[in-house]
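The primary structure of each chain is shown beneath.
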Amino acid sequence: MNALHTPTTRAREAAPPAPRRAERPSRWQRFRRSESAAFYLFLVPWIVGLVGLTLAPMLFSLYAGFTRWDGVHSPEWIGLANFRVMFGSDPDFWPSFGRTFYYAGARVTLGVLMALALAAILNTRLPGRTFFRTVFFLPAIVTGVPMFVVWSWMFDPSGGILNYLLDKVGIAGPAWLGSTTWSMPALILMSLTATGGTMIIFLAGLQGIPVELREAAIVDGAGWWHRFRAVTVPLLSPVILFNVVMGLITSLQVFAEPFVMTQGGPERSTYVFGMYLYNEAFWYSNVGYASALAWVQFLVIVALTVLVLRFARRRVHYMGS
Amino acid sequence: MTATAPAPRSRTTLRLSLTRGRIALVPLYVPLCIAAFFFILPFVWMLSGAFKEPSEIAAYPPQFIPDGLGTGNFTEAAAGVSLWRYLGNSVLVAVVSTVGTLFCSTLTAFAFAYLRAPGRNLLFGLVLSTMMLPPFIILIPSYSLYQWLGWLDTYLPLTVPHFLGVGCAFYIFLLRQFFLGIPRELFEAARIDGAGRLRQYWQIALPLAKPALVTVTLFQFVASWNDFFGPLIFLTDSSKFTLPVGIRFFQGLYTTDYGALMAASCVSVLPVLLLFLVAQRFFVQGIATTGGKG
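The listed protein sequences derive, respectively, from chains A and B.
Straight run, no breaks: the first sequence in the numbering used here ends on number 321.
Straight run, no breaks: the second sequence in the numbering used here ends on number 294.
Be careful, since some hints might not be right.
With the Cβ distance kept under 10 Å, some of the chain A side facing chain B (calculated, not the full set) [what the hints assert, rightly or not]: (1) 40; (2) 47; (3) 78; (4) 80; (5) 121; (6) 129; (7) 185; (8) 189; (9) 246; (10) 281; (11) 284; (12) 295; (13) 301.
The calculated label-pair distances, taken between Cβ atoms and stated as ranges, are [to be verified]: (14) 214/A to 238/B: 55 to 61 Å; (15) 60/B to 266/A: 20 to 26 Å; (16) 33/B to 266/A: 31 to 37 Å; (17) 167/A to 92/B: 41 to 47 Å; (18) 81/A to 281/B: 52 to 58 Å; (19) 38/B to 70/A: 41 to 47 Å; (20) 55/A to 203/B: 31 to 37 Å; (21) 131/A to 252/B: 34 to 40 Å; (22) 58/B to 181/A: 25 to 31 Å.
Simulated from the structure, these hints should not be mistaken for laboratory data.
We treat Cβ as the ideally placed atom computed from N, Cα and C, and that holds for glycine.
Given only the sequences and the hints, what does the whole structure look like? Please build it.
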């Protein structure tokens with residue numbers, strides 16, 4: 001280390017002498033030369049965006065949440081009326097919340113479990129693991145509306161490939177997107193193929209676990225399941241927590257999947273909060289009400305994240321701290 | 001390892017245990033192959049559907065491999081909606097928004113990595129917390145803002161915010177981590193040679209951060225390419241649509257024309273698929289970094 005630093009020290013000693021001019025630089029000149037000035041100059045674009053396109057719109061939507069506003073005429077202050085309607089009489093609020101939690105809960109639980117299982121398997125010296133990693137990661141990147149359209153066709157109850165395969169193994173497939181019971185499970189099933197990112201994060205986490213620990217467990221005669229429970233899961237708990245929180249944040253905002261595949265149907269069985277919000281804002285032009293809904297969604301996400309972190313504080317094991 | 005190494009075993013036992021280890025892995029292939037089948041199925045299905053004749057589309061039991069490689073579905077998709085135009089629009093928006101993202105996130109990350117200033121940690125906390133913001137809370141009022149600016153139904157709302165760092169939090173974080181790994185001595189030396197901070201940014205930090213820049217470029221390009229919500233809200237003229245909204249529009253017009261829909265989906269997915277296959281390493285590294293600091 002020392003040897004590495006010597007050139008710098010020497011260089012610093014040889015730094016140019018004090019400025020030739022005797023008069024002291026003005027305050028403005030000193031600021032211009034200072035590091036702080038440079039820092040804030042570099043940050044100008046980001047700060048403009050943060051204030052103008054993030055904080056100001058957020059504050060404005062907070063204000064709009066207390067108004068009746070169609071997005072065209074000037075907003076009219078109505079106090080807490082939006083929230084009274086939301087929690088009291090709106091027939092869509094609570095059910096759409098329930099559906100969103102159903103979706104998010106199932107997607108995060110199943111997705112994290114599956115990603116962890118796949119990552120654990122791929123972390124062995126299995127021949128062909130690179131190929132499998134590519135296959136599992138691919139749908140996480142190559143996704144979006146075109147793939148939702150493909151899945152819609154695959155879910156087709158009569159001519160779709162999924163029910164054909166189920167039929168092959170002797171199961172009469174459900175109507176999937178056409179059924180009020182199966183539409184949501186169909187969306188959840190599809191989302192499971194997008195867990196490749198979570199899997200990659202788990203793989204990175206698994207590779208960070210010291211080999212000695214696992215070897216020690218093997219020497220102690222622990223079987224693979226015991227090793228997984230007693231060594232891997234505790235050491236991986238920060239990563240599991242991260243994936244759960246990120247998964248919750250994403251899936252509570254679900255919108256495009258139901259919008260493209262079911263339009264919220266059948267009979268509103270996939271009318272999640274994101275759909276509800278979109279319709280209120282851009283279809284019915286209840287922009288004031290939609291702003292209130294957006295704030296509720298934001299606060300729920302924040303509250304849930306805090307809750308998960310609180311709950312995890314006692315259980316998550318951080319190595320070395 | 002050396003201290004606790006077991007007594008040396010003969011070659012045969014070693015090879016035996018290796019084989020046994022390999023055989024023990026075989027049951028693992030069963031879940032892997034089942035999962036892989038379902039992960040890859042949509043892509044196979046889309047590709048085969050794009051080349052199927054209408055009669056093959058309707059065939060039951062379904063046919064995986066079409067009889068011929070007719071491009072009728074592609075011509076039909078291009079005739080039904082302006083498929084090639086959407087492709088061009090998507091490229092335009094993705095390229096410009098990626099340039100914007102690179103501009104703002106490198107400047108910001110450079111400052112956070114190398115320059116000290118009061119309030120720096122607070123601001124960096126703000127960067128990280130904007131990662132959690134749901135888009136609705138910003139987009140509803142932004143819509144009014146863009147309306148007032150006369151930007152609706154143009155590409156400005158889809159590109160300009162990226163030059164101002166909106167949605168760049170993850171990239172700023174990623175680049176800052178990378179910049180912190182560059183030895184400070186290099187900047188010190190450049191400073192002594194008389195290079196200003198802008199030159200240090202341009203001639204030292206950026207060239208050395210190439211792998212991170214590639215990662216950011218890929219992620220933002222794909223994010224913009226896949227973005228549905230922004231174009232859905234801000235664009236109304238169907239000739240200005242990007243591929244995701246274009247395909248959604250197409251789906252609304254021809255609900256059951258699966259062949260043409262699959263052809264359009266293929267065109268939309270192919271660029272990202274190729275990027276992924278060529279540069280998977282960068283995607284893996286980028287994703288892995290997010291979890292490492294969780």
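Structure-based check of each hint:
1. 40: With a closest approach of 6 Å, the residue 40/A hint holds.
2. 47: Holds. Min distance 8 Å.
3. 78: 17 Å, violated
4. 80: Since the shortest Cβ distance to chain B is 19 Å, the answer is violated.
5. 121: 5 Å, holds
6. 129: 9 Å, holds
7. 185: Not OK, violated: residue 185/A not within 10 Å of chain B, min 14 Å.
8. 189: At about 9 Å, which falls below the 10 Å cut-off, the nearest Cβ of chain B leaves the hint on residue 189/A intact, so it holds.
9. 246: Hint on residue 246/A: holds, closest Cβ of chain B at ~8 Å, below 10 Å.
10. 281: Since chain B brings a Cβ to about 5 Å from residue 281/A, closer than 10 Å, the hint holds.
11. 284: 13 Å, violated
12. 295: This interface hint holds because 6 Å falls under the 10 Å limit.
13. 301: 6 Å, holds
14. 214/A to 238/B: 55 to 61 Å: 57 Å, holds
15. 60/B to 266/A: 20 to 26 Å: 23 Å, holds
16. 33/B to 266/A: 31 to 37 Å: With Cβ atoms ~34 Å apart, the hint holds.
17. 167/A to 92/B: 41 to 47 Å: 45 Å, holds
18. 81/A to 281/B: 52 to 58 Å: Cβ of residue 81/A to Cβ of residue 281/B: about 54 Å, so the range 52 to 58 Å holds.
19. 38/B to 70/A: 41 to 47 Å: 45 Å, holds
20. 55/A to 203/B: 31 to 37 Å: Once the Cβ atoms are compared, 34 Å apart, the range 31 to 37 Å for residue 203/B and residue 55/A holds.
21. 131/A to 252/B: 34 to 40 Å: 38 Å, holds
22. 58/B to 181/A: 25 to 31 Å: Roughly 27 Å apart at Cβ, these two residues keep to the hinted range, so it holds.
In the structure shown, a violation is registered for the earlier hints numbered 3, 4, 7, 11, in ascending order.
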